[in-house]
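Hints given; two lone chains; assemble the complex.
Sequences listed follow chains R and U, in order. Mind the numbering: the first sequence is residues 0 to 312 in numbering that gives the first Met the number 0, read in order. Mind the numbering: the second sequence is residues 0 to 482 in numbering that gives the first Met the number 0, read in order.
No lab work stands behind these hints, which were simulated from the structure alone. Keep in mind that this is a model prediction, so the values were computed, not measured. Accuracy of the hints is not assured; some may be wrong.
[Unchecked claim] In silico EDC-like links for lysine to aspartate or glutamate, alpha-carbon gap of 20 Å or less:
1. Lys402(U) / Glu336(U)
2. Lys248(U) / Glu26(R)
3. Lys409(U) / Glu124(U)
4. Lys393(U) / Glu26(R)
5. Lys93(U) / Glu336(U)
6. Lys187(U) / Asp37(U)
7. Lys404(U) / Glu358(U)
8. Lys187(U) / Glu104(R)
9. Lys138(R) / Glu26(R)
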Amino acid sequence: MLSRTAGNLYWIGRYLERADFTARLIEATQRLAALPSSYGGASNAWESALAAACQTDGFAATGLALDEHEVTEYLTLNAANSSSIRSCLEAARNNARAVRTAMTEEGWEAINTAWLEVSRYGTHLSSRETLAQLIEYVKHAIAAFDGANYRTMLRSDAFWFTNLGAAIERADNSARLLDVKYHLLLPRDEPVGGSLDYFQWTTILRTVSAMTAYRWVYNDSVKPWLVADLLICNRQIPRSLASCYDEILRHLDLLASHSGRRGPAHRLASTGHARLTGGNIDAIFASGLHEFLTQFIADNNRLGEAVAEQYLF
Amino acid sequence: MQAIPAFDEMFGSGEGYDSRSPAGVTHAYRAIRQWLADSPPELMAARRAQAELFFRRIGITFAVYGDAQATERLIPFDIVPRIITRTEWTRLEKGLTQRVRALNLFLADIYGAQEILKAGILPAELVLMNPAYCLHMVGRTPPGGVWVHIAGIDLVRTGSDDFYVLEDNARTPSGVSYMLENREVMLKLVPELFDQVKVAPVETYPEKLLETLASVSPRKQRGSNPTCVLLTPGQFNSAFYEHSFLADKLGIELVEGSDLFVRDDIVFMRTTEGPQRVDVIYRRLDDDFIDPLVFNPTSMLGVPGLMAAYAAGNVTLANAVGTGIADDKAIYSYMPEIVRFYTGEEPILANVPTWRCREPEALMYVLDHLPELVVKEVDGSGGYGMLVGPHASKTTIAAFAAKLKANPEKFIAQPTLALSTCPTATDGGVAARHVDLRPFVLTGADGVRIVPGGLTRVAMTAGSLVVNSSQGGGTKDTWIIDG
Chain R
0 MLSRTAGNLY
10 WIGRYLERAD
20 FTARLIEATQ
30 RLAALPSSYG
40 GASNAWESAL
50 AAACQTDGFA
60 ATGLALDEHE
70 VTEYLTLNAA
80 NSSSIRSCLE
90 AARNNARAVR
100 TAMTEEGWEA
110 INTAWLEVSR
120 YGTHLSSRET
130 LAQLIEYVKH
140 AIAAFDGANY
150 RTMLRSDAFW
160 FTNLGAAIER
170 ADNSARLLDV
180 KYHLLLPRDE
190 PVGGSLDYFQ
200 WTTILRTVSA
210 MTAYRWVYND
220 SVKPWLVADL
230 LICNRQIPRS
240 LASCYDEILR
250 HLDLLASHSG
260 RRGPAHRLAS
270 TGHARLTGGN
280 IDAIFASGLH
290 EFLTQFIADN
300 NRLGEAVAEQ
310 YLF
Chain U
0 MQAIPAFDEM
10 FGSGEGYDSR
20 SPAGVTHAYR
30 AIRQWLADSP
40 PELMAARRAQ
50 AELFFRRIGI
60 TFAVYGDAQA
70 TERLIPFDIV
80 PRIITRTEWT
90 RLEKGLTQRV
100 RALNLFLADI
110 YGAQEILKAG
120 ILPAELVLMN
130 PAYCLHMVGR
140 TPPGGVWVHI
150 AGIDLVRTGS
160 DDFYVLEDNA
170 RTPSGVSYML
180 ENREVMLKLV
190 PELFDQVKVA
200 PVETYPEKLL
210 ETLASVSPRK
220 QRGSNPTCVL
230 LTPGQFNSAF
240 YEHSFLADKL
250 GIELVEGSDL
260 FVRDDIVFMR
270 TTEGPQRVDV
280 IYRRLDDDFI
290 DPLVFNPTSM
300 LGVPGLMAAY
310 AAGNVTLANA
320 VGTGIADDKA
330 IYSYMPEIVR
340 FYTGEEPILA
350 NVPTWRCREP
360 EALMYVLDHL
370 PELVVKEVDG
380 SGGYGMLVGP
390 HASKTTIAAF
400 AAKLKANPEK
410 FIAQPTLALS
420 TCPTATDGGV
430 AARHVDLRPF
440 VLTGADGVRI
450 VPGGLTRVAM
460 TAGSLVVNSS
470 QGGGTKDTWI
480 IDG
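Next comes chain U alone, as it looks inside the complex (with noise of 0.2 Å):
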């Protein structure tokens, strides 16, 4: 694979991992270089095969170890954190928050008054033919008017400034037990480098999870707190460790499709005494399988009448339904638009430039320049059915060319970008990695919460811009340091 050049997050641009000078560290990373210099190859390798034996553990707990392929499964985890300052992160912050509010704004608006239709800032057959278009939510305002309540938004970069949305995730964001869990495997693996470099925890996350999830109960109980669950596809789902490490955290219940029953438009659930009502779901299933009366009619894994609950308002799904258009690849070419309509102030936070191949003349560009792009179908995921135009040899670009042609409506287009790369241990010594960050927003009716970090995931394949777990990605602790 040829390396692209790529702005290094602990040297800058220029410096090479070959220099054993500290000269050209960046300030963020000088703790980390020191202690990098100070571990022979022998240290590292003992601490990264100490690192894989807490996962075997926490594997076991979370229940994927033990089947075949299973066991397979456990992602990499690299052992050098990467590291955001806290000025750093505060611009993050910022333009997160500002991001998903007007995420929110758009939702409520394309499912009511459709103002940013009207107002012809986007096409409105983008959003009202789009397949992710839910018309159930017409004219729906979801308990305390907020739709995305859990958002994971991915981040790249570039240079020392530039930082990048390279997708919002607003269906269901998965990876956040990463974050915490790469965080309790670092605390026991080096706590001495904790004592050097003060991080901000992210501890916090399932606590402020719970607020927000409380926060938009339809039913306002004095006195007692609202029944929450966390609702699974179940046990054969590949994220099913992840829901049931979370439904752990938050001690709510894990429940599946059949624990719940809705009567008289109120949803249960059933426990060994007797019907609970349930108040809030925060649903790890995808909308089309929520309910069978409504959608996919195959479904197993949802809950009868849970969609006539939903809409007399008396059960509140986290995230709202029928948020897939939020992060379909077509609307967010549109995002600085849709932030500049909706919040009045200017994007804090770059978008991607982006090709819509839709248009002819972007069709015709992007044709023109295939091997310097990366081309995306706009409702695919995890990596999969993407071009990434530097790696590719011309009869896969030719036969993509083609694709591309047939169903252009289908594809996005951006510029291949170079992601920031990170020191990362290797079987060949410490090196450099792309990487990317994924923090995690939540919003209640009360406002936003952010815990300072996120889930770093890392191209293990030197070179490799795909950082997607499903395709031999890693991950790594990420800390946000004061200084």
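Isolated chain R, as found in the complex (with noise of 0.2 Å):
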């Protein structure tokens, strides 16, 4: 396959997946914004979901006041954030009609459409209504995606590499949202696991669509320690760093053995890997989540990169 083929089809992933991610953080953020102050309705709420989503710089370079609207416009629809659910679509787009030779009908249309439809809302939010609309729209058309991807594609490369850069940026979303709600939404004198937290952990969960999950697995109270073994141990969870590595390395085992040729990517999958796999959540919680966290995001970045430039993206 050609690389650019496999770089556009590994980046169509990557998009999709993070406009997915920022549409569920959105709506999680908002139900947290909501709350009561004594519950935990934090007022720099949409502040943590920039610093998730990766876009505190960003946003404090436009000079918006950091407000709801300001802030969930700046992350859905505005054109000059290159992240923004509007753009990632854009991109994932123009990636797949330039290599549509490499994808499905179906899977096409399903971008065509989804970008279709989300450049028909502008790039101005006009109202709550408007955006829990289009929340849920996007949910519903990178699943279709998802969907008519595995339906229809052939398990071969073009699979592959798409559904590697999905699991390369999930990893990379779960960890951050963690990391972050961890580190800046607990205030300083207030324990781990204090009950006025509680709605915090659970946001994260909601993000992660695992509420009901984490109840079904813990048949417990919500622990923030339990909720970081969710996410970052639970191989169960399709939205954990367990699980995320589970599949980049299904994804680079099976490239692996169409291409007859393992390289760095391999290796730092593995290792990465092993780190999860092998690991506690208490062991991870002596040492420092946050370092941990942090050391793995680096790690996946430096993964990203040696992939692309194993297969010459």
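Have a look at this one:
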């Protein structure tokens, strides 16, 4: 396969995953921001949402007021923000168009329709209802793309590169989300696990749609270390780091079995995978969750670069 | 627009569309006439809507759809097929083969021994000073000795036995995807009609194209096929969907310039499994852009070093570089002589009589007869910059005369041909519209291949003679039928 094609498919995976994550993040943050402050309804909820989306600096540069309307518009429809939902879908569609022959008709139609629909919203959010509609639509559209790919694509390099990009992006998003919430939101004098941050933690669970899953897995009230355990080590939750690395490793292995070649990306992914599946959450807490996550995000980025280098994107 | 009396392919000359009687219908159109008579207007409207829907879907598939302007760029499709009998086609096929053979021999000669110039058949300066004459190709022979691998020859018809070549397209002719898609849509739309009329298939085109490309590979491998790729200027090119469609049908990679690189005069493409050698490039990128080291230095679309690899004989470009001279409109006027010179035969397909405005006597005649002539720029295409005398106002003609006097060598003039008409579904029912025909002629090291058919372009506006899609023309499926 042409390296450019592989690169485009990989980035389609990443862009769409990012759009989906941003949609879920906004939804969960809205819920958090609506709570009375005595329940943890932090006034800095939108600040933390920006941080989780890795867009604090970009937003600050616009000089816009840090309120719900401005932040959500920036994250969803802002055309100048290259990571807004709109920009992600546009980039994904342009990539898809350039590699049209590597996609199936249904996969292409899903992505093209998603872009056409979202571009119809323009670049300004008119109301909260519009935002709610948009969020719902984006979640559906990306599920439709995943479904179309799952049902129609050949199980070969095109499929694996798309999924590889999505898994690397997902791991990055989950790690950021956990890190930001853990660090930024906990009042300094509040012991971790205090009653105040209950809503903070459930916000995380909602963002990754794992609220119910948490109950099933732990059969316990919401506790920070268990949320961290779920998001880092639990291999049943599709957005956990361990799960993402299961997937990354699987797709890299499939690519290797196809080409008969392994490289630095395989080694990095194996190391990352071993760390996640071999470790336990107590050890991670003991050595510092923030340090662990910072290291993870850096390693994950390195993996992304290694993939690009190895396959000559 | 004033109507020009023209030969109608369904009724022959004479009978009009108001006539409900089947009398006077040409043999070729008998089944179509019946089908039209059996289809009430509502059914025709439903079929047109359905065809539009199919094309929207294909449009989605081929990615033109989605950009605000591109949505409108669906080329109108007419659901009434254009019929050509096997007997007529056999003659056309012979004529096309002869003409394309002559074009290839002409190119080999003017970049080689230049016999035709020495023989004084055409003025040397017309070739050697022509901007389309490519100095980089002088003294070179492309692999397999083929210059024009893919030719699109535009034919017009003016009578039951009168076909003329209006234009040769020897650079990067487009439109073949419509020939293929139109047939697919017709098969879905009116399967019952295909039961009655035996239509020669066109679906073998990709196969024949692939064979043609493989035949000119510079590397003769045993056991493995040469690596062919399709080089596109990219997704912002107006014909991008055709490039992606063809690459898909051929099963070859659709590459952009940045996907290729040259090392030691060998072309490679960047793949996830490392560099892979490329043997044949079906390029849909103009000469000017293919190699910034040799041609336009600002081109971001090409491949630096490609011409060196080409000169070293390590890669084949289809079409070859420098073929633009063969479809130059000033050269066109000499085609009958060119055909005679290289084949020793009389041309089977006629040229449209052409006045070369560079010649003073011709210019005088043209200036005196502008209201009845069609005047074209020698290097123009797409129907732009041309004057259709009978349809132009006095002021337009006067302005054009001034342009013509200023640069006579840039223009040729031809009589306004009454292009034949075919029954066409319009909002006001079935009516006669002018058509032309572009068959595609493939030339490999092992001979000429032509699929029975081509792209019929139709001027959708009543009376209009301009069939170019950029000027509102549409397309029809072209049926070569037995009998």
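TODO: Mind listing which of the numbered hints don't hold for this structure, in increasing order?
DONE: 1, 2, 4
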